[in-house]
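Take these sequences, add in the hints, and give me the full structure.
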Amino acid sequence: MATLHMEMTMLDREVKRGSTEMLILALVEDRPRHGYEIAKLIEQRSEGVLQFHVASLYPLLYRLEKRGLIKGRWVEKAGQRRRRFYKLTAAGQKILAQQRQTWKDFFFALDRVAGINPV
Amino acid sequence: MPDWEVEIRQRMAGLELSPPREAEIVEELAQHLEDRYEELLAQKPAPAAAFQLALAELNESELLVRELRRVERRVAPEPIGLDANRRTRMLSGVWQDFRYGGRSLRKNPGFSIVVVLTLALGIGANTALFSVVNGVLLKPLPYPEPDQLVTMHQSKPNFDTGAIPYPNFRDLQKENRTFSAMAISRSAGFSLIGTGEAERVNGRWITADFFTVLGIQPALGRTFVAGEDERGAVPVALISASLWQRKFGSAQDVLGKALTLDDKNYTIVGVLPAGFTLFTNDVFVPIGQWGNQALQNRGVALGLHGIGRIKPGITVKQAQADLDRVMQNLAVAYPDTNRNNGSKIVPLEERLVGDIRSTLLMLLGAVGFVLLIACVNVSNLLLARSAGRTREFALRAALGAGRWRLLRQSLTESLLLALTGGGLGLLIAGWGTHAALRVLPTTLPRAEDIGLDARVLFFTFAISLLTGILSGLAPALKSSQWGLAETLKEGGRGASSGRVRAQGIFVAVEMALALVLLIGAGLMIRSMAAVWNVDPGFRPDNVLTFGLSLPPSMRTSSPAAIRTTLRELSDRLNSTPGVRAASFSEGAAPLQSEDDVFFWLDGQPKPASQSEMHMALVYEVEPRYLTAMGIALKQGRFFTNQDDERSVPVAVIDEVFAHKYFGAEDPLGKRIHLADGRDPSQIVGVVRHVEQWGLDSGSSESLQAQLYLPFRASADDRLPAGAGVVMSLDESGPPPFDSIRQVVQSQNSQNVIFRPQTMNEVIASTLASRRFSMILLEAFAVVALLLASVGLYGVISYLVGQRTHELGIRLALGAPRRNVLSLVLGQGMKMALAGVALGLIAALGLTRLLATMLFGVSTTDAPTFAVISLLLTTVALLACLLPALRATRVDPLVALRYE
Chain A
1 MATLHMEMTM
11 LDREVKRGST
21 EMLILALVED
31 RPRHGYEIAK
41 LIEQRSEGVL
51 QFHVASLYPL
61 LYRLEKRGLI
71 KGRWVEKAGQ
81 RRRRFYKLTA
91 AGQKILAQQR
101 QTWKDFFFAL
111 DRVAGINPV
Chain B
1001 MPDWEVEIRQ
1011 RMAGLELSPP
1021 REAEIVEELA
1031 QHLEDRYEEL
1041 LAQKPAPAAA
1051 FQLALAELNE
1061 SELLVRELRR
1071 VERRVAPEPI
1081 GLDANRRTRM
1091 LSGVWQDFRY
1101 GGRSLRKNPG
1111 FSIVVVLTLA
1121 LGIGANTALF
1131 SVVNGVLLKP
1141 LPYPEPDQLV
1151 TMHQSKPNFD
1161 TGAIPYPNFR
1171 DLQKENRTFS
1181 AMAISRSAGF
1191 SLIGTGEAER
1201 VNGRWITADF
1211 FTVLGIQPAL
1221 GRTFVAGEDE
1231 RGAVPVALIS
1241 ASLWQRKFGS
1251 AQDVLGKALT
1261 LDDKNYTIVG
1271 VLPAGFTLFT
1281 NDVFVPIGQW
1291 GNQALQNRGV
1301 ALGLHGIGRI
1311 KPGITVKQAQ
1321 ADLDRVMQNL
1331 AVAYPDTNRN
1341 NGSKIVPLEE
1351 RLVGDIRSTL
1361 LMLLGAVGFV
1371 LLIACVNVSN
1381 LLLARSAGRT
1391 REFALRAALG
1401 AGRWRLLRQS
1411 LTESLLLALT
1421 GGGLGLLIAG
1431 WGTHAALRVL
1441 PTTLPRAEDI
1451 GLDARVLFFT
1461 FAISLLTGIL
1471 SGLAPALKSS
1481 QWGLAETLKE
1491 GGRGASSGRV
1501 RAQGIFVAVE
1511 MALALVLLIG
1521 AGLMIRSMAA
1531 VWNVDPGFRP
1541 DNVLTFGLSL
1551 PPSMRTSSPA
1561 AIRTTLRELS
1571 DRLNSTPGVR
1581 AASFSEGAAP
1591 LQSEDDVFFW
1601 LDGQPKPASQ
1611 SEMHMALVYE
1621 VEPRYLTAMG
1631 IALKQGRFFT
1641 NQDDERSVPV
1651 AVIDEVFAHK
1661 YFGAEDPLGK
1671 RIHLADGRDP
1681 SQIVGVVRHV
1691 EQWGLDSGSS
1701 ESLQAQLYLP
1711 FRASADDRLP
1721 AGAGVVMSLD
1731 ESGPPPFDSI
1741 RQVVQSQNSQ
1751 NVIFRPQTMN
1761 EVIASTLASR
1771 RFSMILLEAF
1781 AVVALLLASV
1791 GLYGVISYLV
1801 GQRTHELGIR
1811 LALGAPRRNV
1821 LSLVLGQGMK
1831 MALAGVALGL
1841 IAALGLTRLL
1851 ATMLFGVSTT
1861 DAPTFAVISL
1871 LLTTVALLAC
1881 LLPALRATRV
1891 DPLVALRYE
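Just so you know, the protein sequences line up as chains A and B, in that order. Quick note: the first sequence, position 67, residue 67 per our numbering, numbers continuous. Heads up: take any position in the second sequence, counting from 1, add 1000, and you land on our numbering.
Source of the hints: derived by calculation from the structure; they are not laboratory data. Virtual Cβ for every residue (Gly too), placed ideally from N, Cα, C. Accuracy of the hints is not assured; some may be wrong.
Calculated Cβ distances over 12 Å to all of chain B for the following chain A residues [unchecked claim]: (1) Arg45; (2) Leu50; (3) Phe106.
Pulled a few chain B residues facing chain A out of the computed Cβ check, cut under 8 Å [unchecked claim]: (4) Val1026; (5) Glu1028; (6) Leu1029; (7) Gln1031; (8) His1032; (9) Arg1036; (10) Ser1061; (11) Leu1063; (12) Leu1068; (13) Val1071; (14) Glu1072.
Right, dumping it as structure tokens:
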């Protein structure tokens, strides 16, 4: 009982604090991306359901960076203004794996309880 | 192209970021808007519309500012990345911790001040005592190769560190193979005339090598050279820096000037450095100038003690064996005087500080207890405070700070407190140590070496660090354990049971430590009372003692003239108004100086050597001595004015002498032979035994038999040119030294009075070291008691505060206030009594360390243990009572409404 209670608390917290962290971590998993690219990808892949603006995206990026989950780096390409690219750190990798699992468990539980199939 | 940066900066105004950080953010956001704008332009080529759409990204600018503020101003979480800069980040993290700690302590000034003061008291007291230990015990002596320096003595069967007869010393000097140099010396009083008012100066007879042994270079001129200590050499003298300053105004041309000591002119050849404090004499003169015939007598030691420098690589043991070999040869060559005599060498440092070492170490231990109590107190305060910061720590944990990171932050705060306390403590110690040493009743050896130096600073820094860690560890561990979930469950209210348990243990430990110190102090006080209750065998009240020396010119006067002068002075003193009785006194003086004689009983064969003769303390006094000192006559009579150089020799003995040498027989009429060759003396009286060696060390000395001889019967060649004076006064009040000096100088203006003291002062000075440790231990115990009761009070107050809600419910449900009172008192007293029990056990083991300092009381003295436990329990009860009464006054309505 105690274990289940704890898991539910954790799930609850994660849901409340939003899934956005995971979205960002997942997007920079394969290769470094800059802020605008991240926002664009989220919008495209969610078919417009999820939208990020400057006000919501950048504070989140900075927070993830401060926690050491992603790392930003200025990159200058010939003939362009420089951009800040974010890549996933080892710690970010770990957190991303955890969050994926948490969400999987959550959807599994939702499905079992309410018959919601996410796919 | 629109200027995005202006738009962004407008919206970010008021965020107060550092300029580089702000520029970075502005650049990144501007890039974002530009990307968006270009994308929009590609779809609808109306630039104004595209501009508006892109700008819409900044619509929720309040959200941006709020979010950025939260992210950017948050304390950085722990560095998780294993990047190359980890060390740098760690260091900057520590610095950040310090700054954050400083801010959080400043926000709570009352708390911080109490903690810093508590620690300053503990660390300051420890620093002060350590600076004493450092100066007296740890610092090497201020001479080259101090480990090679030893003092040398001649040992007798019952006495290790006796004086060395001069001829024996000369043989030791010639025959030894292990010393690079050795010298001998003895203190001597001189009348200094010709430079201002006639004055008694502290002098010292020395052999030529004396300063060579010590490695002392004169500040001016030279020290003595070989041959200058021989008889008949030209009289030369060395003077101390203080005499140089006092009498010659530190003039450079003092060399070659004459110094008249006891009517003899000496030429000053050197001035000693001001830092030379091993011997505090004002003048040093070669021993060859001493006209004492006994210097050539192998059987007379004359109070000469040696000082030597062992050759490099030779151990004390080897040097000792070497001197033993020489002494054995001397015993064979001169059996009369040297049989059974050996040698004894003691490292100089041990000789200087040997007695005080254990006392200082005991006090250092005691003051360490005070610091421990201070630590525990601070620990408790931090624990209570950490309870109020649960949410802060939970939030930090939620933001990703790991356990070690939280621990570090907590420890940084306690370290900050401890270092501040340490700094303040250092100031207290630096200022207070010398002030305290001036006030406290003792003369510590090497007091001039006490002060703050690198070692003391390091000690203070180290104990401050240790204090910070000790006092901060438990609260830090507790704080770092609180996760978000626990905090949410607890709702930030109520005391966690773990914390209360920790506080309870702390209070018990404090109480136990305080009890140990209190019992130690109690035992010392009982010892002191026992010492004061020792009957010294004389009545010290209203008794004065001082030294009196006749004019130097009297030395060459006839014996008859000296006798007349001494008698006249004695008569004048005895007829001075207010003086009940006065007597000259030579030889030994109770608690002040020692002198002894060898003798054998009439009817027994004369022993072959002095070491086989009996020995007794000898007092040469006048008829009024018994009255002046208040010593009781037990049998027979004391001296009369008729007992002088012309009468039949008589002697008076004390009870110990009578019992030891005559047992049950009547000693009156018996005769004894003194080794100095005078006619046998007849015993005419028995007086009470007097404590010669001090009130607290009476029976530990083997030499106790006391022999009194008539002062006026001194042989012509032993007539003193001065003597000690003992006098009793009619009334108490300030001793009339001025009128006594007038009386003495009215007879001859060159008569000098020196070292005036009341007998009670003499007693006090013999107890100085005991009083020193007693007063310090008392002070430490009182501070400990205070800190411990404040600690108990604090914890109970805190717990009552935490339980206001619960107590309110109890009262609302009809619980009598009496019950609430006993509930709170019970909780406090449980901790206190556990502490008392723990302390009693610890004290049983630890008071053993005091054994050598106690007198007339056992280390496990039941009354002391009982009274102190009761005292501590009472104080604890009072400390709990205040918060407990407050608990009974809780208004149920207010308590229940209060969240």
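Here's how the hints hold up against the structure:
Once the 12 Å rule is applied to beta carbons, arginine 45/A is consistent with being away from chain B; the minimum gap is 17 Å. Listed as a non-interface residue, leucine 50/A keeps its Cβ farther than 12 Å from every Cβ of chain B; the least gap is roughly 15 Å. Every CB of chain B is more than 12 Å from the CB of phenylalanine 106/A (nearest about 18 Å), matching its label as outside the interface. Given hint, valine 1026/B at the interface with chain A, is violated; its Cβ is 11 Å from that chain's nearest Cβ, farther than 8 Å.
Interface restraint check for glutamate 1028/B: the shortest CB-CB distance to chain A comes to about 5 Å, inside 8 Å, so the restraint holds. Because the beta carbon of leucine 1029/B sits about 6 Å from the nearest beta carbon in chain A, less than 8 Å, this interface hint is met. The closest approach between the C-beta of glutamine 1031/B and any C-beta of chain A is roughly 6 Å, which is under the 8 Å cut-off, so the hint is satisfied. Taking 8 Å as the C-beta cut-off, the interface hint given for histidine 1032/B holds, the closest approach to chain A being about 5 Å.
Interface restraint check: arginine 1036/B against chain A, minimum CB-CB distance 7 Å, threshold 8 Å, status holds. Hint status for serine 1061/B: holds, given a least beta-carbon distance of 7 Å to chain A, under 8 Å. The closest approach between the C-beta of leucine 1063/B and any C-beta of chain A is roughly 4 Å, which is under the 8 Å cut-off, so the hint is satisfied. Nearest Cβ of chain A to the Cβ of leucine 1068/B: about 5 Å, under the 8 Å cut. The hint holds.
Restraint check, valine 1071/B versus chain A: the minimum CB separation of about 5 Å is within 8 Å; hint holds. Interface hint status for glutamate 1072/B: upheld, as the beta-carbon distance to the closest one in chain A is roughly 7 Å, under 8 Å.
Comparing the model with each earlier hint shows a violation of hint 4 alone; every other hint is respected.
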